Amino acid sequence: MLLPKPQPLTDFVWVAPERHRLSTGVPLSLVRSTREEVIRLDVLVRGGTWHQDKCLQAVMTNRLLREGTTRLGSSEIAVALDNCGAVLEQSATAHYSFLTLYCLRKHFAELLGLVHDMLNCPTFDEKQFRIVLDMNRQHTIINDQRVEMIAHRRLSDMLFGQHHPLGHVADVDDFDRIGVADLRSFWQQRYCNENLSAYLSGNVTDSDVALVEAQLRIVSNPYAMKSNGVIANPQSSADDFVRIDGSDRVQGCVQMGVVSIPATHPDYGKLNVAVTALGGYFASRLMRNIRERNGWTYGISASLVNYPGMSVLRICAEASTGYLGKIVTEVRNEIDKMGNELMSEDELMVVRNCMIADWNRTYEGALSLADIPIFTEMSGQGMTSLHEVMNDIITITPAEIQRVMQQYICKQILKVVLVG
13 MLLPKPQPLT DFVWVAPERH RLSTGVPLSL VRSTREEVIR LDVLVRGGTW HQDKCLQAVM
73 TNRLLREGTT RLGSSEIAVA LDNCGAVLEQ SATAHYSFLT LYCLRKHFAE LLGLVHDMLN
133 CPTFDEKQFR IVLDMNRQHT IINDQRVEMI AHRRLSDMLF GQHHPLGHVA DVDDFDRIGV
193 ADLRSFWQQR YCNENLSAYL SGNVTDSDVA LVEAQLRIVS NPYAMKSNGV IANPQSSADD
253 FVRIDGSDRV QGCVQMGVVS IPATHPDYGK LNVAVTALGG YFASRLMRNI RERNGWTYGI
313 SASLVNYPGM SVLRICAEAS TGYLGKIVTE VRNEIDKMGN ELMSEDELMV VRNCMIADWN
373 RTYEGALSLA DIPIFTEMSG QGMTSLHEVM NDIITITPAE IQRVMQQYIC KQILKVVLVG
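All letters in the sequence shown, in the order written, are residues 13 to 432 by my numbering.
For the record, the hints were derived by calculation from the structure and aren't laboratory data.
Careful: at least some of the hints might be erroneous.
Said to hold, decoys possible - Computed list of lysine-lysine pairs in BS3-like fashion (alpha-carbon distance at most 27 Å, straight line):
# : residue 1 : residue 2
1 : Lys423    : Lys338
2 : Lys427    : Lys349
3 : Lys349    : Lys338
4 : Lys349    : Lys423
5 : Lys427    : Lys338
6 : Lys139    : Lys66
All of these numbers come straight from a predicted model, not from anything done at the bench.
Please construct the entire structure, taking both the sequences and the accompanying hints into account.
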């Protein structure tokens, strides 16, 4: 039986569905709920790997914000977060860097001041920089031994080219090329009011909004550079199939991929359903064939990863090295079947219900609902486009799945990397 279309929760309200601006010019979106005792604050900075001059510059700048300000040292920041039972998450993607704070309402004012200091006056202490850099270097050295990372690195190069922001995955040598001056330069150029967006969700009151109005600003500086939103064009390599020797390994990895349409494309929602049916959930075609029927792997997945101006289809599986070639053959066979034969209505109903249930589970509370406007900003979609994606899930037909498979995921354009 088909699940109903997800309905808005009754205990929250969008205060600013079409973001308003603070006096500083920073856009602010709110999701208010009387049920939540926790407040979530997201600060998005339009400055990511697309805008860096050196590899690691964006992610290390973001990471070092919590390692000391002119008011508090690294350990004092850690103690302040621990004493309040707060969580501070940091990350950097292609176009954005993030600070996400979760805390109880009673601690919000204190911790908002901490976020203000991190944005305005980080010290980029040399000693702390070396500690964080060495930890990340060791993590990279370990990761580089994994077959999944080896395949991911090579496939990224094949899809985008070495000079594209997504084509070069940080390696050990990149840690020797980055310094504190590079981090300070990136912060000066990208961390400015013109590049900020803020999202506030939970049991938010007018006084909390007033605090954000007073605190969420960055002291202007002559180095500030507004993000121009330029999208780099992939320079795919001529190689369609690469095998990396891993004769000393029992476990191997296969990754397949192709650059595809952006989230703003009218067919994106339909393509997402097709990819889910192919390998995006536990009962997908690839899982039934390669895991259940043949027993070649514990798991295989297909996903459509969204980036500004494009998406990337990636198919990944780890298996004994003797099965890798067979897995590639069966993946291509399943793609052929979906492009040549209409899917049954029963199978489509299972896929549809799974996607709707996942949507409901992901956005079941006010705190998680903040991810919706964040996604629309990152992908370039409006809220209307997001509704159209859900409508595609509900109304898509077997014929439309067959069409998008033929148009966007034919086996001839997939690039393949085998490690092992």
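Taking the hints in turn, this is what the structure says about them:
Note on lysine 423 and lysine 338: the hinted pairing holds, with a Cα-Cα distance of about 15 Å set against a maximum of 27 Å. Proximity of lysine 427 to lysine 349 is assessed by CA-CA distance (about 19 Å); at most 27 Å being required, the pair is judged to hold. Annotation: proposed proximity of lysine 349 to lysine 338 holds, straight-line Cα distance about 16 Å (limit 27 Å). Of the supplied pair hints, the one linking lysine 349 and lysine 423 holds, its CA atoms being roughly 11 Å apart against a limit of 27 Å.
Taking the CA atoms of lysine 427 and lysine 338, the gap is near 16 Å; set against the 27 Å cutoff, the hint holds. In summary, the hint linking lysine 139 to lysine 66 is supported, as the alpha carbons are separated by about 20 Å, within the 27 Å threshold.
In the structure shown, no violation is registered for any of the earlier numbered hints.
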